[in-house]
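**Student:** Could you build all of it, start to finish, from the sequences and the hints given here?
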Amino acid sequence: MNAPTKDSGLAWVGRAIRRVEDPALLAGHGRFTADLPAALRVRFVRSPVAAGRIERIAIPEGANVVTAADLAALKPIMPALHKFGYVPIAQPVLASGCVRFVGEPIAAAVAASEAQAEDIADAVSVDIAASAAVIDAGAALADGAPLVHAQAAGNLVVEGKVETAGFAAAQGAAHRLIAIELRSRRQNATPLEARAGHAAFDPVSGRVTLTCATQMPHLLRTAIADLIGMPEGELRVVAPDVGGGFGQKMSLVPEYVVLVWLARKLKSSVAWTEDRRENLIASFHSRDQSVRLQGAFAADAKLLALSAEVVANVGAYSCYPTTCAVEPLMAMAELPGPYDVRAYACVARGVLTNTCPMAPYRGVSRPVITTALERLMDTAAAEFGMEPVEIRRRNLIEKFPYTSVTGLIFDAGSYQQTLEIAAAAIDVPAFRRRQQQARSQRRYLGIGFAAFSERTGYGTPAFAARGMGVTLGWETVELAMDPSGWVEVRIGASPHGQGLRTTIAQLVADELGLAPDRIKVVHGDTDRTPYGWGTFASRSLVIAGGASVLAARKVRAKLKKIASHLMEAAADDIVLTDGVARVAGTDRALPIETLARAAYHQVHLFKGEIDPAICETATYDPPGTFSNACHACIVEVDPETGRVTIARFVVAEDAGRLVNPMIVDGQIVGGVAQGIGNALLEEIVYDEGGNILTATLADFLPPTSREMPPIELLHLETLDGTTITQAKGLGEGGAIGAPAAVLNAINDALAPFGVTIEEIPATPRRIRAALRQATKKPR
Amino acid sequence: VKPAPFVYHAPKTLGDALANLAEFGPQDGRVLAGGQSLIPMMAFRMARPAHLIDINTVAGLDRLAVEGDVLSVGACVRHAAFHRPVVEGPTGTLLSRVVRDIAHYPIRLRGTFCGSLAHADPASEWCLAAVTLGAEIIAMSRRGRRVMAADDFFEGMMATALAEDELLLEARLPLLSPETHFGFYEFSRRAGDYALAMALVTFRLQDGVIVAPRIGIGGAEARPRRMAAAEAVLAGRRPDTESFRAAAEAAADAVEPMEDIHADAEFRFDLVRAVTRRALERAHA
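First to last, the sequence lines map onto chains A and B.
For the first sequence, the working numbering assigns the number 1 to the initial residue and increments by one for each residue that follows.
For the second sequence, the working numbering assigns the number 1 to the initial residue and increments by one for each residue that follows.
For the record, the hints were derived by calculation from the structure and aren't laboratory data.
Honestly, I wouldn't trust all of these hints.
Derived DSSO-like pairs: lysine-lysine, alpha-carbon spacing no greater than 30 Å straight-line [as the list claims (entries may be wrong)]:
| # | chain 1 | residue 1 | chain 2 | residue 2 |
| --- | --- | --- | --- | --- |
| 1 | B | Lys2 | B | Lys12 |
| 2 | A | Lys399 | A | Lys302 |
| 3 | A | Lys267 | B | Lys2 |
| 4 | A | Lys560 | A | Lys607 |
| 5 | A | Lys302 | A | Lys265 |
| 6 | B | Lys2 | A | Lys265 |
**Tutor:** Written as structure tokens, this is what we have:
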């Protein structure tokens, strides 16, 4: 099953060629939204209180300030979900009547420069009659809590429930019941580039072009046109170079709606560049979930039944298109993870609070549920007196396809193998000896594992099952060869750092027998690309890449037909390789550019059997595929200060065929870095009144290169044909597994003290607080 | 992140700078040196000076010199000047150790020693060094020159004895005698972050026992402070684990910690204990 790529017979796929995106970015020639000149600049006036009624907005004399009153004709943002009692929540584009979180946009100040706009915004005075706010999900669920939205009783916006037949019996038959409760605090995805939008009116066409930092240009166009009530044709959305998104840029941003409205009204260009403080306060947040798990284990440590209770603080509004239900419901569907468990019960709640709305963030609930499940496994291992590797060995799935207890179908993977090679690489027996020696010197080392699955590249059926108002999933690709034989691949996906221009060129190169530098991938422009959903959910290489291969195969067939006419050979005998079409077994060959030229200029040679031009379209809508991995890490905990130092970090992963191993490694290392931030450092903190105490990067702490250990990467490639390219998605795995591995390692290190940490980030303060409660004195 | 409007002044001479300060200091004027704290605060509009008096253009303020047994640090000497020892003996080495924990390289290239003192952030390494080493602070205005002991200069969190029309012209650090032992230990969340607690210690050994110990603690209280109780514990004892633990306990007992999102009082007691002992161990290593 695990065939290395080098035997694949592919020329370009599998090679770590350099990214075509990088020379411009490294030379400072990248084009980001904030680089565009604009006649007018916008600064948003934001709510300073978490909840209250707007009584008066005083605008300085002569200033151009837009409020909700000006936008009365616009519809509110109102994503839909037709399942699990989801309560539709409306968000006005600018706060109207009341405010629901600190940072909610209330007004837009427009001026010739950013400094002037900020001065005007500063001078706008908003009187708000503050009311009681709820910040914590637990408090929001309590009886008598103030309601964030009147229609959502008990602040419950969605409640998923599942219980398999015979659950109670399965649980009752258990040898041991083991329970844990895990809390994952609130984060911000912190892309390098914060949000930015630029809307320009074109007096000739009457259209507006919105250039912005988005992961989903087509859907954004539809959504904005809907809200404003304008034909989509009058709006073009461009995603130029985008400096990361991680999910924060895959939702409809109310500020962008204001920009488009302003550009149409003022017939001008208006721009807004979010600063970091705004981003930390008012862009989408993530995580802030707690998970209670109870595992029912047999005497041989086999997991018989799993019950879960998930509470997700979703903030004050619901994000479009996924809705705020995405986190709790994905948690419910995927909680059993890569383990073979046949009895399952879960309640997953989404709870409204007066905090910044949540959007998906790299991993979407799986970093939290994986951490919870992996803590359960380690807690159970300790109870059974078993190595963490052994309990996983006994429970990981190994026969495929595997249908999970929630009905997910796992295609072939290497769950057991990645566990074994990660364990071998980190050398558990040698580590245990070092750990013992270190303890005698009052040094506390720990080892932690995280085995997990990563559901990726799923199409329409998976999204349809969620019951969202918008069913995402497929991708369409348009592939054109021009008369000079160069190829343009127009994709609806919208990469923003993933290197898709490189990897799709590699895929197409192998189909057409061309070098990748002759293949240009076009994305991020609704005028230039077919409708598509964008880049998120580890889908783009699988789905847009798969559609690119399908389109390339149609072009290949056409090129062969053209070659067959020009060289008087059977089309089936034509081979495309190294830039030429060759009649197999002969020395007869024509350069591919000759075929391309003929397709446009010599059509009379084809006797009406071949249509002119070369442009093919293909759509791919796959069922989805599971990647898998095992992370293993070694930490040292300083018991006096609570500092955690990561000594080693090993990732053994399997995402099928590696199209470009260098890009794969980059994706994993970046994800692990964010996972380490989640495990140790990053936390958005609100005070009781709903003010953010972490509004700068001096207080919200992403890891830097100084906190990052070297990441040791091991790859397996399970190729079972589930996807067209044999590649699986892998954009999120690093972030999914790392928090669990780190937290397990911390707890292993703390074992001699008899304390555990079940909260991330596991900060020095929290670790010290736990150690002050230590029941045991280590020798 | 655009500052509120302000008037910018760029004096060329010290006399002009002091004239600017005399006129605009009382009108919400602020001195701009390295700008590594002031400019971000202005960008957030947490600081809104009406006048900014830029002393980077004043000749001679970057003077760094040894005068007898004193190291003189001028108003515009950058942190980076201390990357290598600026004077032979323990003082130069000590400052080169301490400077490594100040923020990040680009910040150290711009930020100034005296600017840190004038800003008086509780987590400032240089404020701790000034207090522990017994620096003198020279303030200058058109009214004349004032000399203050560092311990009197720092009044609280971001509060100093500097008057509105005064420029912090120079800091004068008495050089440590060649046989002085020193140790520094800082705890911060990430490399380059603000200290949650730090200790700077010096002592000499005479006949195998500690004499003239100094234990300065920063980052834990509103201003850096020498811990007299801990110093008293250490004086006259042998430099061993037991002595260091006792001094660390005394420092933790004496500290009146600040609380913030990264460290509550309990955690700061823990940290003060740990950083004090580790600084002492480093001093004896």
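**Student:** Would you mind marking each hint as holding or not holding in the structure?
**Tutor:** So, going through the hints one by one against the coordinates:
Taken as a hint, the Lys2(B) and Lys12(B) pair is honoured in the structure, with Cα atoms around 27 Å apart against an allowance of 30 Å. The hinted pair formed by Lys399(A) and Lys302(A) meets the criterion: a straight-line CA distance of about 16 Å does not exceed 30 Å. Only pairs whose Cα atoms come within 30 Å are accepted, and Lys267(A) paired with Lys2(B) is accepted, the gap being roughly 26 Å. The straight-line distance between the Cα atoms of Lys560(A) and Lys607(A) is roughly 16 Å, inside the 30 Å bound, and the hint therefore holds.
A threshold of 30 Å between alpha carbons decides the hint, and for Lys302(A) with Lys265(A) the separation of about 65 Å lies outside it, so the pair is violated. This hinted pair checks out: Lys2(B) and Lys265(A) have alpha carbons roughly 26 Å apart, not beyond 30 Å.
Of the numbered hints given earlier, the model fails hint 5 alone.
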